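Colleague: Protein chains in written order, with my numbering: chain A, 1479 to 1628; chain B, 1479 to 1628; chain C, 1479 to 1628.
No wet-lab data here; the hints were simulated from the structure. If you're wondering where the values come from, they're calculated on a predicted model, not measured in any experiment. If a hint is listed, it holds; no wrong ones were tucked in.
Selected chain A positions facing chain B (in silico; Cβ < 10 Å):
1) Met1479
2) Phe1488
3) Gly1528
4) Phe1536
5) Gly1537
Note that beta-carbon positions come from the ideal geometry of N, C-alpha and C, so glycine has one too.
Chain residues, written in single-letter form:
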Amino acid sequence: MAIIRVTKEFRFEMAHVLQNYDGPCRNVHGHSYVLYVTLSGKPVDDTDRGNNGMVIDFGELKKIVEQEITEKFDHSIVVAGYMPAEKLAEYKKLFENIIITPYQPTCENLVAGFADVLLDKFPEGVTLHSLKLYETATAFAEWYASDNHR
Amino acid sequence: MAIIRVTKEFRFEMAHVLQNYDGPCRNVHGHSYVLYVTLSGKPVDDTDRGNNGMVIDFGELKKIVEQEITEKFDHSIVVAGYMPAEKLAEYKKLFENIIITPYQPTCENLVAGFADVLLDKFPEGVTLHSLKLYETATAFAEWYASDNHR
Amino acid sequence: MAIIRVTKEFRFEMAHVLQNYDGPCRNVHGHSYVLYVTLSGKPVDDTDRGNNGMVIDFGELKKIVEQEITEKFDHSIVVAGYMPAEKLAEYKKLFENIIITPYQPTCENLVAGFADVLLDKFPEGVTLHSLKLYETATAFAEWYASDNHR
Chain A
1479 MAIIRVTKEF
1489 RFEMAHVLQN
1499 YDGPCRNVHG
1509 HSYVLYVTLS
1519 GKPVDDTDRG
1529 NNGMVIDFGE
1539 LKKIVEQEIT
1549 EKFDHSIVVA
1559 GYMPAEKLAE
1569 YKKLFENIII
1579 TPYQPTCENL
1589 VAGFADVLLD
1599 KFPEGVTLHS
1609 LKLYETATAF
1619 AEWYASDNHR
Chain B
1479 MAIIRVTKEF
1489 RFEMAHVLQN
1499 YDGPCRNVHG
1509 HSYVLYVTLS
1519 GKPVDDTDRG
1529 NNGMVIDFGE
1539 LKKIVEQEIT
1549 EKFDHSIVVA
1559 GYMPAEKLAE
1569 YKKLFENIII
1579 TPYQPTCENL
1589 VAGFADVLLD
1599 KFPEGVTLHS
1609 LKLYETATAF
1619 AEWYASDNHR
Chain C
1479 MAIIRVTKEF
1489 RFEMAHVLQN
1499 YDGPCRNVHG
1509 HSYVLYVTLS
1519 GKPVDDTDRG
1529 NNGMVIDFGE
1539 LKKIVEQEIT
1549 EKFDHSIVVA
1559 GYMPAEKLAE
1569 YKKLFENIII
1579 TPYQPTCENL
1589 VAGFADVLLD
1599 KFPEGVTLHS
1609 LKLYETATAF
1619 AEWYASDNHR
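Model the full assembly from the supplied sequences, consistent with the hints where possible.
Modeller: See the structure below:
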């Protein structure tokens, strides 16, 4: 059986703040994120099984990513935990779904953070190959396992 | 001359059945497939030739893929040869353009099967680099030569 | 910190002529080009800096590519320097923004030429990973540093 990569697209709406940024992104603002999750593996080779010919059922992939990522980040605001405590306290008062990350929530750090979360969530024999995260319609960041010795 | 990858996009409408699948995909249903065929090679370096600067004329690439893949699979129904003989006989009665594959016609197996067909169809010096097959607007499978020692 | 790839999309309108081509592309014609520029690097890891978490500010990437590529090639006509001198002279009379390339301006040669221009234009620690150039809505060429020992 050939090794095949499978990818599923996800969308979520998220606000963020870039701490200390010299420009309008230091204010709360939102993006329509598009996330592509790519897994790699050999399709199941067993004619008795319903998932015969699949690396992973697209439905299963969808469920895992929704549970781990999009249901949490959709309609959230994401802020860096290292911002001044009083500012952080204000945000906590204002926003219902606030996610505090140990990193600046840039597109680059988010895609790397999502990779950390997803790495061990897939069935045996199926590996996380790469993630692609569109922040705007014309800009995206990608994490590849092969770039990071994973 | 640099090594360059060239890609052409193709579209076809196809029905399939997933044998033994535990869900609605076990019934005949169709998708609007989008196939990306990527070749790799050095552009021709001869100012006397009309295809100077091309890895392969996009028109030639189009002709080969249409002939080998899309003209056959467009408006076809694809079923696994391992389904029960009486069920297969029924499908043969009902459908004019039926393609029987030795594999479950998932997106993964189709893209690997297309790679097998296309591998030796391009001119010398031009190699099949990868194939990407969208099954739905948000899900696709990819075959890479480098993943498969080709 | 993970190694991350960042990509920005650019668009420009350009005419070209394919010298000696056996088909309509030997005449002046235009395309709506779409260029994807992908860089690779480690995001800045310094909470005091505004670009903390970025491989490169998307705004800086945009500025460099616009200055080096799209502002020059947008609404230009690109012709091969090896075409007959009298024909070249005619083009120079007719067109205000004419770019003469040492190569046939195919999609393949353009993307390789753009790579040559961009290779040394980014800050230290940020490398040009790949370029993708759509010539039409369904055909594109790609240059990868890894394919070309860069």
